[in-house]
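Colleague: Spelled out, the chains give:
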Amino acid sequence: MTQNKDIKIHVPVLARVEGEGALELDIENGQVSNVKLRIFEPPRFFEKFLEGRDYNEVIDIVARICGICPVAYQMSAVHAIERIFNMPVHPTVRALRRVMYCGEWLESHSLHIHLLAAPDFLGFNNAIELGEAYPEEVKRGLRLQHLGNKLIKMLGGRSVHPVGVQVGGFYRIPTKQECDAILVELKAAVEQAEQLVMWLADLSLPHDEQDFVSVALRHPNEYGMNEGNIVSSMGLNISVEDYQNHFQEIQAPHSTAFHSHLNGKPYLVGPLARVNLNWDTLHEPVQQLLQNTGIQFPSKNVFHSIIARAAEIHYALLEAIAILESIELEVPPVKVASKAGVGYACTEAPRGILWHRYEMDAQGHVVKATIVPPTSQNQARIEEDLRNALNNFDLNKSDDEIQLHAETIIRNYDPCISCSTHFLKLTVNRKCGES
Amino acid sequence: MVGVGSPYGDDSLGWEVVRQLRLHPKIKQLSAQDVVIQCADRPGIDLLNIINQAHTALIIDAAATDFPPGTITRLENEDIETVLQSTSTHDFGVLETIALGRALNQLPQKVVILGITIGQENIEQNEFGQSKIALGAEHMNHFINIISEELENLLPKELSYEI
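Protein sequences appear in the order of chains A and B.
Numbering follows our numbering, in which position 151 of the first sequence is assigned residue number 151; successive positions increment by one, without gaps.
Count along the second sequence from 1, then add 1000; that gives the number in our numbering.
FYI, nobody ran anything at the bench for these hints, they're computed from the structure.
By construction, the Cβ of each residue, glycine as well, lies at the ideal position given by its N, Cα and C atoms.
Treat the hints with care, as some may be off.
Just some of the chain A residues that point at chain B, by a computed CB distance under 8 Å [said to hold, decoys possible]:
| id | residue |
| --- | --- |
| 1 | 128 |
| 2 | 139 |
| 3 | 158 |
With the hints as extra help, turn the sequences into a complete structure.
Modeller: Have a look at this one:
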């Protein structure tokens, strides 16, 4: 006779994940038999209501998809549209877009490290408890976050849902005085970023090496951000136009967000995948600092994501400084000539590659839009990670301990499930042995 | 004085109140050095950067409560207890930010929050904008009077004014 014992744990408040999700675990005879990261975020229909919209409207609409990473959505959209219109991008515009993206990495990564992830690794329930115990470290994180917001505001007019990007460039180019003023702050922040990396390297992170595939954008001359090919740790190297021939979006019954597979298997996107694949294009001081941590990259321990995230804060500061120190701010006016066609772009959002495809008519109105955000790409990998990690975890531990470990794994990916909801419900179903 | 919100719908109420307060004849007499009045666009934890140099912060925000729309809830310093219902960075709201500021010892000596109820039912149905319209001019005048009095009480004597 088999005895089935179901244990249900409801967590009314989650805990540091972006959006609305639940986790369901089935544990059978000491093994995880089923893992479902249930996403019940309502569909948001952005792709559908972009249809019929003018090209410049697209850029401001897609910024509304996320309050934390609006620049990423704007960048993927504007590049795809400019490719349809066959428009060259002025070198100053290209450089300033990179600076703006640096601002978003600074802001988003600082928030995730200090408000969402670090409390897990230091044994606190939330950022406020962390702040009481580590006030200087959290203040440092908030300063870095604020500096990122200032960079976005300088180019986007405001830091939340910025409005400064247009097809062909920016509505307003910052003045030299503005650039010089923020350069002073960027330079002063470099030491803070270095301290951040070393502080996180001292954390006692779980040691959990897994076999996963990293996927990121790669550019031969610079750290992958706004341009490049899509590459993987298994040797994939394709143009962004070729994405759909290799990556498949799959409906999962328990999720309103698509799962993504590369050649039928889960894969990782985000800071760790980027550092793993683009180490050689990091600035030398960033490489040196990472070597000082004693952690080897490429790394198979996904918990090293928090280190990679901090290293990208360091990189973003150095990159923004390098660009702003040498930039020529003269940009000739751009004349946009819309044309019909299909355009693709992929950029590196803080959480990983963000792929867009637009089909437009001759008037520059959207006929069809497809947007593949990084969190949906990581979803299958998160489930795979949970299955592997929990099978290596002592499942005789209490449900609370299992839950905390599972949540820590999920949070480590910085999932942005949606921008509107707040909790994870965990259900553990244990089927106890036979008698 | 910070009006917290966003450009559209009910969430713009904090901004609208602050905009009208700026036009109040008595408040217009105050020096911009003594009283800084601004609107903050969904600042999240950046609110700390806005208020941390101030002696006193008066924060005005639209609030979701069980009270009737238009009700003003006043919270001051230690009254601002936060149950961390939401701890995503996407919705790190005013209360969470104040709690974090307290943990970091980065708050002004006095923090007063005036939360103006905009109607929970509208939030749940995503019918933003409905309750603000329903509140009307009469409510707005009431808010202006209450907040002007609040400001007068918060100001040091040498800066006080008569409503």
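Colleague: None of the hints should be skipped; say for each whether it holds.
Modeller: Now the hints, each set against the structure:
no.: 1; hint: 128; verdict: holds, 5 Å
no.: 2; hint: 139; verdict: holds, 6 Å
no.: 3; hint: 158; verdict: holds, 6 Å
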